[in-house]
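Counting from 335, one number per residue, gives the positions in the sequence shown under my numbering.
Certain hints may be false.
[To be verified] Taking lysine-lysine pairs in the DSBU-like style, the calculated list, with each CA pair at most 35 Å apart, reads:
{"hint": "1", "residue 1": "558", "residue 2": "586"}
{"hint": "2", "residue 1": "503", "residue 2": "336"}
{"hint": "3", "residue 1": "558", "residue 2": "399"}
{"hint": "4", "residue 1": "399", "residue 2": "477"}
{"hint": "5", "residue 1": "512", "residue 2": "399"}
[To be verified] If you anchor each label on the Cβ, the simulated ranges turn out as follows:
{"hint": "6", "residue 1": "346", "residue 2": "524", "range": "46 to 54 Å"}
{"hint": "7", "residue 1": "542", "residue 2": "505", "range": "38 to 46 Å"}
{"hint": "8", "residue 1": "469", "residue 2": "528", "range": "17 to 25 Å"}
{"hint": "9", "residue 1": "542", "residue 2": "337", "range": "41 to 49 Å"}
Hints were generated in silico from the structure; no laboratory data involved.
Note that CB positions come from ideal geometry on N, CA and C, so glycine has one too.
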Amino acid sequence: MKTPHTQTLDVRGLRYHCTCWGREDAPLLLLLHGWGDAGGSFQWVAEHLRRDWYVVAPDWRGFGKTERAPGGYWFPDYFADLEWIIDQLAPGRSVPLVGHSLGGNIALMYAGIRPGRITSVVGIDSFGLADRAPEEAPGRYQKWLQELEHPQYVRDYESFDALALRLQKQNPRLSDEKAAYLATVLGRENEDGRVELAADPRHRRVNPVLYRRAEAEACWRRIKAPVLWIEPEDLRLREQLGLTPEVIERNKACFAHLREVFVPNTGHNMHHDAPAEVARAIDDFAIAGEALNGAA
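Can you build the whole structure from these sequences, using the hints too?
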């Protein structure tokens with residue numbers, strides 16, 4: 335395995351943990367993980383990148399080894415955190431972004447909020463959420479208030495090996511070696527000597543703010559950088575979330591410069607299932623994004 339190193343950043347009062355690969359004087363490439371994940375799980379993608387990148391994969395607030403936010407979690411905080419990270423690692427420069435799932439949604443919206451800061455965006459199975467009706471708001475707020483009254487349940491496991499088996503149950507494509515490594519990235523030992531997920535359990539609370547897809551689409555339409563859409567074969571997750579093929583096509587139509595790559599024999603966690611194919615697409619597309627921005 336290509337050996338990573340770690341870096342700690344002060345991001346809006348939180349100590350942000352970053353997993354890094356490569357030389358710090360190489361071109362920066364930011365890898366943004368999804369919900370419940372951590373930056374270190376991009377290990378295999380980083381190994382297969384051909385270009386001499388300085389790869390930085392931060393753990394979002396309350397995930398992995400980054401500090402937990404005492405006031406809870408709100409989606410706009412991710413945009414502000416990302417901006418602080420870019421300001422520290424690439425002051426005055428624009429950068430390419432790669433994001434998986436939640437990280438891809440953050441990257442795509444940020445690229446429309448700050449179009450001048452981004453050279454290209456790669457979304458790894460990043461498709462947003464289904465739109466919600468305003469009539470759901472009272473019940474959603476009520477459920478949120480009820481959940482605030484009780485601590486979130488933290489499930490633990492006998493060992494890292496037991497957590498690895500759980501990860502393989504969720505994704506049967508994981509080899510024993512990959513599952514064992516991911517268990518060390520996503521888990522931590524608690525005071526009882528058992529292993530629990532490192533993610534703050536408060537992330538599991540219902541979001542009281544309804545997802546408004548029109549707002550996401552408005553951000554997507556402002557993106558100037560080229561966008562690469564990497565799609566898996568297994569689409570069950572988006573189907574479970576209520577996203578129809580028609581919604582996905584409207585999603586794609588928002589991007590002025592869109593390229594699509596389909597990777598067979600993969601599920602939602604494509605960066606685990608087919609890291610070489612994902613890395614190849616990132617290399618080729620990020621370079622194309624630099625060329626397009628240089629010609630602009």
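I'd like to know which numbered hints this structure contradicts. Please list them from smallest to largest.
Result: hints 6, 7, 8 break, sorted rising.
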